[in-house]
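Residue numbers (the working numbering), protein chains in the order written: chain A, 38 to 260; chain B, 45 to 274.
Each statement offered as a hint is correct.
Derived contacts from chain A toward chain B, CB cut-off under 10 Å, selection only:
(1) A85
(2) Q86
(3) G88
(4) D89
(5) Y93
(6) L97
(7) C100
(8) D119
(9) I129
(10) P138
(11) R140
(12) L143
(13) W145
(14) I149
(15) H151
Think of the hints as simulated: they come from the structure by calculation, not from any bench. We put the CB at the ideal spot given by N, CA and C, even for glycine.
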Amino acid sequence: MSLAQAAYSSRFPVLPARSEAPGSIASMPARSTPSSGEASLATAMQAAQNGDAVAYRQLLRDCVPVISAMARAKGVQGPSLDDVVQDTLLTIHRARASYDPSRPFLPWLRAIAHRRAIDAMRYDSRRPREVHDPIAYETRADDGPPPGHDLEIRARCRAVTEAVAHLPPGQREAIEHIALRELSLEEASVLTGRTKTALKVNFHRALKALRAALSSSKEGSDV
Amino acid sequence: MSDPASHERLVEELARSLAPVRPLPGPGWRAVAWFSAVLALAILLLPLSDAASLQLRLGVPDLRYAALGAILTSMAAAFAAFQSSVPGRSRAWALLPIPPLVVWLGVSGLGCLRAWLAPASNLAETGEMRGCFVFLMGVSLPLSILLVTMLRRACPLNPSLTAALGGLAVAAAAAALLVPFHPHDATATDLAVHLVAVFIVVGLNGLLGGRIIEGAPRRRPAATASQADP
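Model the full structure from these sequences, guided by the hints.
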């Protein structure tokens, strides 16, 4: 356990989250006294102020779990926790000249971490989020087809198929090739062996018959 | 949910860019340094003042105590501003300027009664009051710039509060510096002009100074972005 962890966990024994993995701060007993941890942290920060990159790197590493615990204690959760940790590290770096080596390190760190945690929570609260509003959900107009739309289409297809099936063979042939398969008159003429004129006549008669059949069936269904 | 790799990258980046820094002097010393600049400005301006009328006015208790209140308010507000610029210091320091502020404004308010108490008082004219206002603003600007620059060197976690306290220090210092040049005795309109100037200086410092002090925006989406990276 690092000095920062020892100092923090001994000062704030309740704060480390219950969800900590084995081997983490919460699961380890605090062996160092707060004063020794504080003093070492103050020494490390003083070395960092003098440009000791090794001490500084170790200090920042030690600070990461401590900041995380402080932010969680403030109520920060999820991905925002990482943002708070990194914002706090950046602020430590920018504000390292404001640290007074004759004073304890943790209150200085805690003030920064708490402020960044509050910033993160404000930032999160301004972002749009999912809300529980069952009435709005129920009354929202659906952009899709209305209920029963598929049934209606299926019934209409069935009616057209039946009406086509009841046509005389010549008319049915003309409808199937020209309207349903979308062939040209020449292609339909080659396939059926009929003249184009005969096909046209049969096609128009078939349309007339279908119109009559479908309109009568619709009137019947409306009634 | 934690992303140790991105934290480690940031730690490495910060450690690589580490440069030695000299710890800032304590808030008290920095307040003294700023107030020394105010005194230097006062010494520069003193030859331009009317020493005889200054002596006469300082003989009147309420004018003397009002000047003393402005000086104390400026010192207390400057000290509180520097305290609030250091992480971990108590926010209760922000209340420090209130007692001298009450004294300053309260005693200045007694000037409102001057016309009744001393009918021969030299009352302010509109042109003179405009001059007072311009003087207050003109002195406040360089003092504000100096103070905000000094405050920015620390790490104000509540920039608007720090800047507002700095604005109060500047406004009170400007009011104290005005005393040797004040061409008339205090009146209600005079007090109102001073109050307007104080509110403008404090408000502008709070709004603009807070943003200046806060400095560059933080790297908010850093962790989120690094999490999104494959």
